[in-house]
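There are 2 protein chains.
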Amino acid sequence: MKYSGFVGEMLERAKAELGDVIEARRGGEVYVGILMPHHDFSSESIITLKLPNGYNIGIRADEKSRIKVVSKREERERKKQVLPYDPAKKDIAVISTGGTIASYVDYRTGAVHPAISAEDLVFSVPELLDLANVRAKVLYSILSENMKVTHWQGLARAVAEELNSGAVGVIVPHGTDTMGFTSAALAFMLRNLTGPVICVGAQRSSDRPSSDAIMNLLAATRLCVESDLGEVVVLMHGESSDSYTLAHRGTKVRKMHSSRRDAFKSVNSEPIAKVEGPQIEFLSEHASRSKGPVELKDKIDGRASMLHFYPGFEADHFDLIANHVKGMVVAGTGLGHVSEEILGSVSRAVDKGVYVYVTTQCLYGAVNLNVYSTGRDMVTAGAVPLGDMLPETAYVKLMWAMGQTNDPEEVRKLMLTNIAGEFTTRRFV
Amino acid sequence: MKYSGFVGEMLERAKAELGDVIEARRGGEVYVGILMPHHDFSSESIITLKLPNGYNIGIRADEKSRIKVVSKREERERKKQVLPYDPAKKDIAVISTGGTIASYVDYRTGAVHPAISAEDLVFSVPELLDLANVRAKVLYSILSENMKVTHWQGLARAVAEELNSGAVGVIVPHGTDTMGFTSAALAFMLRNLTGPVICVGAQRSSDRPSSDAIMNLLAATRLCVESDLGEVVVLMHGESSDSYTLAHRGTKVRKMHSSRRDAFKSVNSEPIAKVEGPQIEFLSEHASRSKGPVELKDKIDGRASMLHFYPGFEADHFDLIANHVKGMVVAGTGLGHVSEEILGSVSRAVDKGVYVYVTTQCLYGAVNLNVYSTGRDMVTAGAVPLGDMLPETAYVKLMWAMGQTNDPEEVRKLMLTNIAGEFTTRRFV
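Residue numbers (the numbering used here), protein chains in the order written: chain A, 1 to 429; chain B, 1 to 429.
To be clear, the hints were calculated from the coordinates, so they are not data collected in a lab. Here the structure is a predicted model, which means the values were calculated and not measured. Wrong hints could be hidden among the right ones.
[Said to hold, decoys possible] Selected chain B positions facing chain A (Cβ under 10 Å, derived; list incomplete):
no.: 1; residue: Y244
no.: 2; residue: Y310
no.: 3; residue: S339
no.: 4; residue: E340
no.: 5; residue: C362
no.: 6; residue: K413
[As the list claims (entries may be wrong)] Non-contacting residues of chain A with respect to chain B, defined by C-beta distances greater than 10 Å in every case (computed):
no.: 7; residue: R60
no.: 8; residue: V70
no.: 9; residue: R73
no.: 10; residue: S117
no.: 11; residue: M147
no.: 12; residue: G154
no.: 13; residue: V225
no.: 14; residue: G238
no.: 15; residue: D316
no.: 16; residue: G334
no.: 17; residue: S347
no.: 18; residue: E392
no.: 19; residue: P408
Every residue gets a Cβ at the ideal spot worked out from N, C-alpha and C, and that includes glycine.
My request is simple: use the sequences and hints to build the entire structure.
The following block contains the structure:
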């Protein structure tokens with residue numbers, strides 16, 4: 001948003017544009033920082049500056065305030081920053097896909113949308129460069145609700161390439177909305193990992209002082225450089241304050257809150273690691289780095305859908321979808337149940353050759369189709385229960401399994417094998 | 001399941017059949033109780049008896065054990081138990097719908113399926129009768145995955161009838177799978193409540209010693225008789241041991257675990273009350289009993305569906321469903337988002353006159369369509385955000401609202417009014 005009112009006029013008189021470094025004086029106080037867009041929720045008289053430490057502040061201007069341009073954006077961008085290289089340090093890769101975490105120096109448009117250079121992202125957390133050499137690239141600039149199967153595949157290829165050319169770990173800045181789907185997809189597509197692949201997001205855009213981006217990026221870097229982790233994880237705040245972060249297994253994690261900074265939770269398992277300042281504490285069993293090379297199994301068959309059962313779910317609707325897909329994941333109630341009518345639909349779908357796998361919409365706990373008559377009838381109809389696998393992970397895995405083979409028995413075998421920790425109750429490392 | 005092996009033969013010799021009261025002697029010990037079916041998971045040599053206190057025990061039989069029939073089931077049933085009436089006590093109603101909680105004296109078939117007389121249900125927790133006179137009826141005997149809109153309506157009518165003819169509260173034994181949907185439906189259909197309406201389930205069938213049925217029924221009775229509560233709630237265990245129960249608001253509760261006894265959680269709100277032994281502690285604001293009469297608003301239009309968005313969700317599939325319904329609840333990602341393709345589908349659906357309401361699949365937290373461009377586009381497309389309302393509650397409420405009026409503006413007004421505490425952030429009592 002542009003500034004309006006007397007602040008708008010004051011900035012215009014000073015020829016200060018968004019992105020310029022300006023000096024703002026008010027009374028005896030002086031602030032120097034990048035002029036950020038006017039924040040929707042701020043009063044007209046607030047000027048938002050990004051300070052050199054990466055934090056934003058709001059300065060209340062009045063008629064006596066003085067504004068001066070220190071350097072123009074265009075000039076700064078002309079002498080483009082180049083990431084330093086120190087042969088004594090390990091290399092990590094940062095492959096950005098977009099999302100809130102990658103939108104915070106978007107001082108051009110003002111709206112929160114993903115648009116940032118890889119270098120800017122890294123320089124916004126200069127401490128990263130104390131820990132590692134960073135190869136930074138922007139692979140996508142999209143909101144994660146627009147991520148598709150093809151994006152997962154492109155990302156998996158880019159990650160494998162970085163790990164197989166010497167990076168000790170890869171950080172994937174990502175929108176939080178579908179980050180759990182992407183982490184599951186990477187976990188199935190990338191085998192024999194030589195280092196951690198860490199999906200990192202932010203719940204607060206970095207034009208707000210409360211942004212969680214910096215701490216998450218820094219903790220991810222530590223895990224890359226200082227741990228033996230060889231898995232795909234999601235790393236986010238462990239509680240709502242800036243005290244520590246948690247790394248969750250990519251196949252067991254779900255966004256469980258729409259706005260809290262600790263929105264991501266490990267479901268049916270413990271987080272893998274806790275990072276608090278420079279301390280890394282492992283909380284549960286995990287796969288260690290392999291000797292490599294990383295194997296890429298990036299074939300995916302997207303013809304699947306996920307259906308949540310509920311009272312009033314029409315069998316006709318189930319049949320409509322079943323006619324258009326090759327595989328379905330049903331998120332049933334309780335231990336994995338559906339109504340008698342939907343049982344009929346499941347049976348018809350299976351008879352037509354559609355794969356039907358069953359998870360629970362409770363999210364926590366496992367399905368068990370042996371306890372009640374409904375469950376037994378589902379097994380008879382040909383539905384296959386998936387233990388404590390998350391519905392979202394099951395959906396991703398089914399598309400991946402269908403991409404690996406056309407043989408229904410092989411698909412079933414893949415679905416029931418613990419490939420990337422998606423079943424808690426069976427060992428996989 | 002029938003007994004087999006030497007236990008089967010021993011029972012046959014004694015002419016003991018399932019449901020008979022038998023005396024079992026082993027060494028110096030004597031047990032008297034109802035012979036229950038052999039449990040799937042027990043060893044062949046275990047005899048399961050339901051003791052007079054309602055609990056089941058497993059007795060390991062050997063060749064020296066002695067079995068004697070004390071009374072035959074048929075004889076007991078001939079002199080059918082009649083519930084006592086004490087004019088000094090208040091009346092409550094128990095309207096059973098089925099589910100695990102109502103399946104525990106199903107000694108006829110052995111399988112866990114709902115089949116119990118209302119009197120048996122009450123007599124299984126004789127302490128109920130110390131607290132109140134009980135009017136007991138079996139309205140349905142179904143597994144809750146088979147509950148439909150018409151069942152909700154029949155139940156609402158039965159509840160209103162009991163409250164309007166003097167019951168101080170109504171207990172609704174119900175399968176846990178869809179109990180949260182039913183409690184939401186009752187909360188919208190029943191206004192001006194003169195007492196609590198308490199949906200009660202069990203996560204362990206009562207032919208297992210760990211059953212939670214008895215404690216839940218007893219706590220529900222206390223709330224009916226000893227509190228001023230005038231709301232629809234779900235009452236279940238508050239933790240996995242038998243220490244206390246929690247009453248959750250009917251519109252804010254969700255089954256969050258497939259098997260734990262404390263599976264039900266209040267989402268985005270505190271539970272209403274905690275019942276620990278004879279103690280009732282209120283934990284949050286709630287509606288008190290009205291002077292009555294209870295109003296019944298039981299019209300529901302079932303032509304709605306609930307769709308969970310995910311990466312790879314095909315716009316074609318959305319359109320297929322949209323062509324068959326009058327209203328849709330979308331469970332979007334994060335703050336309530338969908339992909340660009342689905343945005344197009346939302347827009348097309350709204351243009352055809354389909355109601356589209358938005359909730360979050362995170363479950364915790366609220367939707368907010370003002371933060372990101374996707375959200376703003378959804379509002380432009382005509383989707384209406386529903387704050388922190390659960391997707392399941394929103395789906396039930398939309399069908400109810402469509403049943404109340406055909407005017408789109410009136411539907412919208414009803415959807416955005418806090419009718420039964422479905423919005424946490426707005427006052428409703």
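Now for the hints, and whether the structure bears them out:
Contact between B:Y244 and chain A, as hinted, is not supported at the beta carbon level, the nearest pair being about 20 Å apart and thus beyond 10 Å. A hinted interface residue such as B:Y310 counts as satisfied when its beta carbon comes closer than 10 Å to some beta carbon of chain A; here the least separation is about 6 Å, so the hint holds. This hint holds: B:S339 has a C-beta 5 Å from the nearest C-beta of chain A, less than the 10 Å allowed. A distance limit of 10 Å between C-beta atoms decides the matter here; for B:E340 the minimum to chain A is near 6 Å, and the interface restraint holds.
Annotation: interface hint on B:C362 holds; nearest CB of chain A at approximately 5 Å, less than 10 Å. For B:K413, the shortest C-beta to C-beta distance to chain A is roughly 23 Å, which exceeds 10 Å, and the interface hint is violated. For A:R60, the requirement that its beta carbon stay farther than 10 Å from each beta carbon of chain B is met, with the minimum near 24 Å. Residue-level check passed: A:V70 sits 31 Å from the nearest beta carbon of chain B, beyond 10 Å.
Separation of A:R73 from chain B is adequate, the least Cβ-Cβ distance of about 23 Å exceeding the 10 Å criterion. For A:S117, the non-interface assignment is confirmed: its Cβ lies about 20 Å from the closest Cβ of chain B, beyond the 10 Å cut-off. With 10 Å as the threshold on Cβ separation, the claim that A:M147 sits away from chain B is violated: the shortest Cβ distance comes to roughly 5 Å. For A:G154, the non-interface assignment is confirmed: its Cβ lies about 13 Å from the closest Cβ of chain B, beyond the 10 Å cut-off.
For A:V225, the non-interface assignment is confirmed: its Cβ lies about 30 Å from the closest Cβ of chain B, beyond the 10 Å cut-off. The claim that A:G238 lies off the interface holds: its Cβ sits roughly 16 Å from the closest Cβ of chain B, which is beyond the 10 Å cut-off. For A:D316, the non-interface assignment is contradicted: its Cβ lies about 7 Å from the closest Cβ of chain B, within the 10 Å cut-off. A:G334, annotated as away from the interface, has a beta carbon of chain B within 10 Å; the closest lies near 4 Å.
Non-interface call for A:S347 relative to chain B: holds, since the shortest CB-CB distance, roughly 16 Å, exceeds 10 Å. Look at A:E392: its CB is around 7 Å from the nearest CB on chain B, not clear of 10 Å, so calling it non-interface is violated. At roughly 21 Å from the closest C-beta of chain B, the C-beta of A:P408 stays outside 10 Å, upholding its exclusion from the interface.
Checked against the numbered hints given earlier, the structure breaks hints 1, 6, 11, 15, 16 and 18 and satisfies all the rest.
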